[in-house]
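Undergrad: Below, each chain spelled out in residue letters.
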Amino acid sequence: DAGVIQSPRHEVTEMGQEVTLRCKPISGHDYLFWYRQTMMRGLELLIYFNNNVPIDDSGMPEDRFSAKMPNASFSTLKIQPSEPRDSAVYFCASIPTGGSNEQFFGPGTRLTVL
Amino acid sequence: AQSVTQPDIHITVSEGASLELRCNYSYGATPYLFWYVQSPGQGLQLLLKYFSGDTLVQGIKGFEAEFKRSQSSFNLRKPSVHWSDAAEYFCAVGLYTGNQFYFGTGTSLTVIP
Numbered sequence: 001d002a003g004v005i006q007s008p009r010h011e012v013t014e015m016g017q018e019v020t021l022r023c024k025p026i027s028g029h030d031y032l033f034w035y036r037q038t039m040m041r042g043l044e045l046l047i048y049f050n051n052n053v054p055i056d057d058s059g060m061p062e063d064r065f066s067a068k069m070p071n072a073s074f075s076t077l078k079i080q081p082s083e084p085r086d087s088a089v090y091f092c093a094s095i096p097t098g099g100s101n102e103q104f105f106g107p108g109t110r111l112t113v114l
Numbered sequence: 001a002q003s004v005t006q007p008d009i010h011i012t013v014s015e016g017a018s019l020e021l022r023c024n025y026s027y028g029a030t031p032y033l034f035w036y037v038q039s040p041g042q043g044l045q046l047l048l049k050y051f052s053g054d055t056l057v058q059g060i061k062g063f064e065a066e067f068k069r070s071q072s073s074f075n076l077r078k079p080s081v082h083w084s085d086a087a088e089y090f091c092a093v094g095l096y097t098g099n100q101f102y103f104g105t106g107t108s109l110t111v112i113p
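Order-wise, the sequence lines are chains A and B.
If you count the first sequence from 1, position 41 lands on 41 in the working numbering, and the numbers rise without skipping.
If you count the second sequence from 1, position 106 lands on 106 in the working numbering, and the numbers rise without skipping.
Wrong hints could be hidden among the right ones.
What the hints assert, rightly or not - Counterexamples of contact, computed for chain A against chain B with all Cβ distances above 10 Å: (1) Val12; (2) Arg22; (3) Ser27; (4) Gly42; (5) Ser87; (6) Ala93; (7) Thr112.
Stated by the list, open to error - One-sided excerpt, in silico: chain B residues whose CB lies under 10 Å from chain A: (8) Ser18; (9) Thr30; (10) Tyr32; (11) Gln38; (12) Pro79; (13) Ala87; (14) Phe90.
Don't read these hints as lab results, they were simulated from the structure.
We put the beta carbon where it would ideally sit given N, CA and C, even for glycine.
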């Protein structure tokens, strides 16, 4: 298996623009997590899905952030409009069915908002 | 509230020296416990995990960790550090319900020749 796939790996955009980050979890994994990592705040859980349904989005910082999982093999995290303080590395992770809770992480998307 | 504490923000060790990274958690029961490593510009890689059974678990790259219930700790150890071990190390706790996952703030390891 290719592991968790994220795209793009790097994104540079200007303030006010819409940004869409993409994630493909490992096949057969039914939990998907989105994290944000910054120097100041470390790793923060933004939202997670179970069987494509959002379970907990309490970590989403504000209404500018939205996440969807239209099917078991694809999720998006959208920021509209983006702001410089959104600059961070965004990770996607998935957990296999069975609840072992071992998270498999993607390589991350480094977002820079100018 | 559940929490994970890594009291050491940064540690410097000499190559070949032993290493211990500390992790304490706060939770009413024994959770799943993990150590991840993150090299610069990379994602997080699982080093080892504890679910139940033997409290001393072996992981990849020569790392081990010991779960101590009485101390609510899960410290990571390596007997002889290599320069390639320089990275950020995260302790994490996974709960049985809701698949909640909590990360510590990380410990940055520097290895000097």
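Undergrad: Does each hint hold? Answer for all of them.
TA: Outcome of the hint check:
no., hint, in the structure
1, Val12, "holds (16 Å)"
2, Arg22, "holds (15 Å)"
3, Ser27, "holds (18 Å)"
4, Gly42, "violated (5 Å)"
5, Ser87, "holds (15 Å)"
6, Ala93, "violated (8 Å)"
7, Thr112, "holds (14 Å)"
8, Ser18, "violated (26 Å)"
9, Thr30, "violated (13 Å)"
10, Tyr32, "holds (5 Å)"
11, Gln38, "holds (9 Å)"
12, Pro79, "violated (25 Å)"
13, Ala87, "violated (14 Å)"
14, Phe90, "holds (7 Å)"
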